[in-house]
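Asker: Work out the full structure, taking the sequences as your base and the hints as a guide.
Protein chains: 2
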Amino acid sequence: MARRKFRNPFPTVDIIIEIMAGRKRRGIVLIERKNPPPGWALPGGFVDYGETLEAAAVREAREETSLDVELVGQLGAYSDPARDPRFHTISTVFLARAAGEPKGADDARSAIVFDPRDRSLPLAFDHRKILDDYLGSTKGPVPCLKTTTAVRDDRVVRDNRVARLRTTPTSSRSRASSARSKRT
Amino acid sequence: MARRKFRNPFPTVDIIIEIMAGRKRRGIVLIERKNPPPGWALPGGFVDYGETLEAAAVREAREETSLDVELVGQLGAYSDPARDPRFHTISTVFLARAAGEPKGADDARSAIVFDPRDRSLPLAFDHRKILDDYLGSTKGPVPCLKTTTAVRDDRVVRDNRVARLRTTPTSSRSRASSARSKRT
Chain H
0 MARRKFRNPF
10 PTVDIIIEIM
20 AGRKRRGIVL
30 IERKNPPPGW
40 ALPGGFVDYG
50 ETLEAAAVRE
60 AREETSLDVE
70 LVGQLGAYSD
80 PARDPRFHTI
90 STVFLARAAG
100 EPKGADDARS
110 AIVFDPRDRS
120 LPLAFDHRKI
130 LDDYLGSTKG
140 PVPCLKTTTA
150 VRDDRVVRDN
160 RVARLRTTPT
170 SSRSRASSAR
180 SKRT
Chain W
0 MARRKFRNPF
10 PTVDIIIEIM
20 AGRKRRGIVL
30 IERKNPPPGW
40 ALPGGFVDYG
50 ETLEAAAVRE
60 AREETSLDVE
70 LVGQLGAYSD
80 PARDPRFHTI
90 STVFLARAAG
100 EPKGADDARS
110 AIVFDPRDRS
120 LPLAFDHRKI
130 LDDYLGSTKG
140 PVPCLKTTTA
150 VRDDRVVRDN
160 RVARLRTTPT
170 SSRSRASSAR
180 SKRT
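Those protein sequences? They're chains H and W, same order as listed. Counting in numbering that gives the first Met the number 0, the first sequence runs from 0 upward without gaps. Counting in numbering that gives the first Met the number 0, the second sequence runs from 0 upward without gaps.
Among the hints, erroneous ones may be present.
Simulated coverage check for chain W against chain H, where a stretch passes if three residues somewhere in it have a Cβ under 8 angstroms from a Cβ of chain H [stated by the list, open to error]:
{"no.": "1", "stretch": "5-11"}
{"no.": "2", "stretch": "47-54"}
{"no.": "3", "stretch": "68-82"}
{"no.": "4", "stretch": "85-93"}
Honestly, the hints are just simulated from the structure, not real lab data. From a predicted model like this one, the values you see are computed outputs, not experimental measurements. Every residue gets a Cβ at the ideal spot worked out from N, C-alpha and C, and that includes glycine.
Answerer: Here you go:
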């Protein structure tokens with residue numbers, strides 16, 4: 000660790016938002032990016048200092064799609080240094096659900112409900128791979144999603160399985176010290 | 000995103016290394032920290048710019064425990080701003096396996112094989128919670144671990160299930176552009 004200096008990858012979140020019609024998935028939400036790289040992508044963005052991944056996922060979903068999402072779980076973290084052409088980001092990908100119609104806002108020019116199996120639309124970043132992993136993971140007989148701490152508004156949801164979510168009291172989300180020093 | 004400025008949490012990894020005796024788990028590895036906060040902890044550390052999470056996990060395990068680990072999968076990401084008393088870190092936790100005896104090195108004063116159910120040893124950071132989640136997740140009938148890209152030496156292993164790992168050619172790990180700009 001001593002050789003580690005002050006340069007770090009940037010933590011981000013991306014959210015696969017399933018739009019539900021009753022118990023059936025109509026599709027997932029894509030946004031059309033206003034900023035480079037152009038094109039279609041999953042909603043997402045940077046994690047703020049002092050913000051949990053889960054809070055960032057809920058916030059970014061709301062900012063870019065106007066949807067209030069319920070987080071289901073984490074699908075995994077993607078960290079290939081080449082995944083973003085601009086700089087090295089590490090994205091923790093969340094699965095979430097929402098009802099209604101997405102509406103592009105903030106940095107999203109527009110938002111659509113999209114069939115994740117549709118390969119006709121080129122996606123930015125590694126989002127095609129993320130969607131392929133998502134489609135692969137839902138093929139199994141047991142939902143294989145690991146939720147650590149999923150925040151929905153003021154509630155905290157914890158469990159290991161999609162199908163067995165339960166609620167616990169709100170976690171403390173105190174701000175951490177900002178001192179930057181060596182960590183083992 | 001426009002309000003996002005240049006402050007980000009720091010990406011880290013922690014590794015639960017199962018020490019195997021044949022097919023049976025003898026225990027997991029803890030290290031005794033040389034640096035503050037003192038005490039026992041899972042091996043882990045910062046992710047370098049340009050380094051995947053998986054490469055960081057293998058590297059930190061080797062540096063701190065002298066073990067060459069095989070990654071099994073990601074257990075989830077922990078991002079409570081209070082999880083580290085010094086500053087805001089986001090840790091992606093890996094499950095890994097190794098054989099042999101750990102030997103503390105680098106920033107680890109010593110290393111031991113530990114029964115993760117043993118609550119007599121106070122652990123630094125949120126590592127007791129991580130171990131509790133790990134113990135909980137292994138209770139299920141199906142290993143519920145999501146592997147995105149697991150690096151072991153020069154091979155890249157990808158799959159969704161522990162039991163069905165397969166190998167693919169080494170991924171390109173080109174350095175990303177370092178330009179820092181706004182991301183949607």
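Asker: Give a verdict on every hint.
Answerer: How the hints compare with the structure:
Interface restraint, the stretch 5-11 of chain W with chain H: holds (6 residues with C-beta to C-beta distance below 8 angstroms; minimum three). Proximity of the stretch 47-54 of chain W to chain H, defined as three or more residues with a beta carbon under 8 angstroms from a beta carbon of that chain, is established by the 7 residues found. Residues of the stretch 68-82 of chain W lying with their CB closer than 8 angstroms to a CB of chain H number 10, which satisfies the three-residue condition for coverage. Coverage of the stretch 85-93 of chain W by chain H holds [criterion: at least 3 residues with CB-CB distance below 8 angstroms; count 6].
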